[in-house]
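Asks: Listed below are the residues making up each chain.
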Amino acid sequence: MGIIVDKNTRAIVQGITGTQGSFHTKLMLEYGTKIVAGVTPGKGGTQIHDVPVYDTVEEALEKHPANASIIFVPARFTADAVLEALENGIKTVVIITEHIPMKDALNVMTYAQQVNATIIGPNTPGIITPEECKLGIMPAHIFKLGSIGMASRSGTLTYEIAAGLTRKQLGQSTCLGLGGDPITGLNFIDALKMFEKDPQTKAVVLIGEIGGNLEELAAQYVAKEKYPKPVVAFVAGRSAPPGKRMGHAGAIVMGKTGTAESKIKAFKNAGVNVAEKPSDVTELLARLVNV
Amino acid sequence: MKLFEYEAKRILAKYGILTPIGGLATNVSQAREIAARLKPPFAIKAQVLIAGRGKAGGILFADSVPEVEKATEKLLNMQIRGIPVRSVWIEEKIQINKELYFGITTDRFNKSYVAIASAVGGMEIEEIAEKAPEKVIKFLINPQLGFRSFHASQIARKMGYAGSQLVMLGKIFESLYRVGMDYDAELIEMNPLAETFDGKFVAADARIIIDDNALFRHQEYKKRLLEGESELTTQEQEAVKNDLAYVKLDGNIGVIGNGAGLVMATLDTIQYYGGKPANFLDVGGGASSEKIAAALKIVLSDPNVKALFINILGGITRCDEVARGILEAKEKAGVTKPVVIRLVGTNEEEGKRILTEAGIHVLESMEEAAQKVVEISK
Numbered sequence: 001m002g003i004i005v006d007k008n009t010r011a012i013v014q015g016i017t018g019t020q021g022s023f024h025t026k027l028m029l030e031y032g033t034k035i036v037a038g039v040t041p042g043k044g045g046t047q048i049h050d051v052p053v054y055d056t057v058e059e060a061l062e063k064h065p066a067n068a069s070i071i072f073v074p075a076r077f078t079a080d081a082v083l084e085a086l087e088n089g090i091k092t093v094v095i096i097t098e099h100i101p102m103k104d105a106l107n108v109m110t111y112a113q114q115v116n117a118t119i120i121g122p123n124t125p126g127i128i129t130p131e132e133c134k135l136g137i138m139p140a141h142i143f144k145l146g147s148i149g150m151a152s153r154s155g156t157l158t159y160e161i162a163a164g165l166t167r168k169q170l171g172q173s174t175c176l177g178l179g180g181d182p183i184t185g186l187n188f189i190d191a192l193k194m195f196e197k198d199p200q201t202k203a204v205v206l207i208g209e210i211g212g213n214l215e216e217l218a219a220q221y222v223a224k225e226k227y228p229k230p231v232v233a234f235v236a237g238r239s240a241p242p243g244k245r246m247g248h249a250g251a252i253v254m255g256k257t258g259t260a261e262s263k264i265k266a267f268k269n270a271g272v273n274v275a276e277k278p279s280d281v282t283e284l285l286a287r288l289v290n291v
Numbered sequence: 001m002k003l004f005e006y007e008a009k010r011i012l013a014k015y016g017i018l019t020p021i022g023g024l025a026t027n028v029s030q031a032r033e034i035a036a037r038l039k040p041p042f043a044i045k046a047q048v049l050i051a052g053r054g055k056a057g058g059i060l061f062a063d064s065v066p067e068v069e070k071a072t073e074k075l076l077n078m079q080i081r082g083i084p085v086r087s088v089w090i091e092e093k094i095q096i097n098k099e100l101y102f103g104i105t106t107d108r109f110n111k112s113y114v115a116i117a118s119a120v121g122g123m124e125i126e127e128i129a130e131k132a133p134e135k136v137i138k139f140l141i142n143p144q145l146g147f148r149s150f151h152a153s154q155i156a157r158k159m160g161y162a163g164s165q166l167v168m169l170g171k172i173f174e175s176l177y178r179v180g181m182d183y184d185a186e187l188i189e190m191n192p193l194a195e196t197f198d199g200k201f202v203a204a205d206a207r208i209i210i211d212d213n214a215l216f217r218h219q220e221y222k223k224r225l226l227e228g229e230s231e232l233t234t235q236e237q238e239a240v241k242n243d244l245a246y247v248k249l250d251g252n253i254g255v256i257g258n259g260a261g262l263v264m265a266t267l268d269t270i271q272y273y274g275g276k277p278a279n280f281l282d283v284g285g286g287a288s289s290e291k292i293a294a295a296l297k298i299v300l301s302d303p304n305v306k307a308l309f310i311n312i313l314g315g316i317t318r319c320d321e322v323a324r325g326i327l328e329a330k331e332k333a334g335v336t337k338p339v340v341i342r343l344v345g346t347n348e349e350e351g352k353r354i355l356t357e358a359g360i361h362v363l364e365s366m367e368e369a370a371q372k373v374v375e376i377s378k
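Residue numbers (this note's numbering), protein chains in the order written: chain A, 1 to 291; chain B, 1 to 378.
Chain A with its partners taken away, still in its complex shape:
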């Protein structure tokens, strides 16, 4: 169970021959993820960790049916790679690549909506459903099978919080990295909707940060829909000054928009438990969930 990826996920890796693509293919295989083929134009006919490599997604899929793709290609070629996967019928695409131009991201997202595909990222650590499928670059050993669903805008902060949960025996159903860019395929509301339908998920953790208003919208959603599962949130960037981009392209306070205060207030007003420090997430959850 869990959301988006599970033991039935069969994935291809686009950009498999690059340093990161090759390294993480190995780790995903070790975790048990079904990686059926890789794609790098010009490298067709070779193999990476016994995974056959093809020049095009089309050819890879002719020989190895797949339902997901994970993308490691450099930023300026990423839009092309995503469109290639979508046009060939793949419905779940994880974009690990960072620094994709916003204009490219917007074009890709519009097409993905038309073909009803799910895009995770860009600039994401990926997604993991413990013991079933890891489609990403997260260190696997910090995750543990359980009932907490997580959605986050930040990679390492997800690891920090997941590791804390795992230490306290609070396992996870699925951990979903939304991505650190302003434009991402999924947002917190999408994640909340999916976790609501997943019977394995008993509580949801949302890890937000400064920039934009997606946390505020998620808070409104929780209040309006009387969200049936407990929600705990953490928002990074209380100490961030306005006008400065805090590493992520999406993490910036502009004028009055995007402050941590506004997000925390919105969550609290919606009855969402807000953690003061990353480790408080575990404590809040331990009180809310019986595991």
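Think of the hints as simulated: they come from the structure by calculation, not from any bench. You can trust all of the hints, since none of them are fake.
Think about it this way: if two alpha-carbon atoms lie no more than 27 Å apart in a straight line, the pair counts; the simulated DSS-like pairs of lysine-lysine are:
no. : chain 1 : residue 1 : chain 2 : residue 2
1   : B       : Lys352    : A       : Lys26
2   : B       : Lys330    : B       : Lys352
3   : B       : Lys171    : B       : Lys93
4   : A       : Lys268    : B       : Lys131
5   : B       : Lys276    : B       : Lys337
6   : B       : Lys248    : A       : Lys244
7   : A       : Lys226    : A       : Lys197
8   : A       : Lys244    : B       : Lys291
9   : B       : Lys98     : A       : Lys256
10  : B       : Lys372    : A       : Lys277
11  : B       : Lys330    : B       : Lys248
12  : A       : Lys256    : B       : Lys248
13  : A       : Lys256    : B       : Lys135
14  : B       : Lys39     : B       : Lys70
15  : B       : Lys2      : A       : Lys256
16  : B       : Lys241    : B       : Lys332
17  : A       : Lys277    : B       : Lys248
18  : B       : Lys352    : A       : Lys168
19  : A       : Lys244    : B       : Lys276
20  : B       : Lys74     : B       : Lys55
21  : B       : Lys222    : A       : Lys244
22  : A       : Lys265    : B       : Lys138
23  : A       : Lys197    : A       : Lys224
24  : B       : Lys306    : A       : Lys277
Fair warning: this is a prediction, and the values are worked out from it, not measured in the lab.
We have chain A already, so just place chain B on it with the hints.
Replies: For chain B alone, coordinates are given in the frame of chain A:
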């Protein structure tokens, strides 16, 4: 990357949008020459990238060339929130009948560009949205359809214009959209877009922010950012060169970490325990030992830094690489300030061994480490 007003206005003019006639001066004699070519009265505007420059005294007016010289001298000797004014833009002051707002930015939730227009202008758009929400027109742009002529006309009509003025205004909106697309703008706005007494429209002020991730398509500006006139501090420039995300803050605890969210949470935790972070520095994913060494050098070159907190949670970043980088920097740069290190994740054992053998203590909990560094900094 933020463009200066003069850069933005030059681009707009190239696309046929009316802007006040003017020129850029970096000294008084240039200012004199420019003013002599223009018709009074004049506006003299400090070229800085900070919002609210008008309120900070960065915009002056003059009726004669000698007054322009005086104003220029005053501005060039001025600092606006710590940023020295290096150039001024001198232009013919336009007579404004009405101030409008028009801009294009992105809508994260709807994943599209959004055009924002208002028949009330001259203040920040958030302020307009707060004071007169009914006057703010938002139009989501489908990237495949683009922003068409009829969209522009619809917006102009909602702003209360008709006939030839509607057409004129529509053309300006369309042109601004083209500038936005051609320059990969994440934000582009004319504020105010001024309606003059003879019914024309002039971009009295303009702002363009280019998407940093698209700078490879705009080499001329990337070059300006790295070499030319920019408002980056020495540390910030070094960070850009080394591909590190660095933001200077005003505290005394230097911070280095991997991953933007984790570093932000580290700053918050330091603040939670009563400390003050001196900077944000994200070494990114999979940092090499050289990169870690460069990061240490940048943070320690800030004289305000009293103690350093390195917070690494290894995923793609390997703890042994980080440990080697710390030792490398220690040898080369001679780190004399106290360092608190928290290191967990991939190759954690090897990393700890390297540091422990060199006599550096490593902590496992971020909060414990944060408390310790706050204590040292006091």
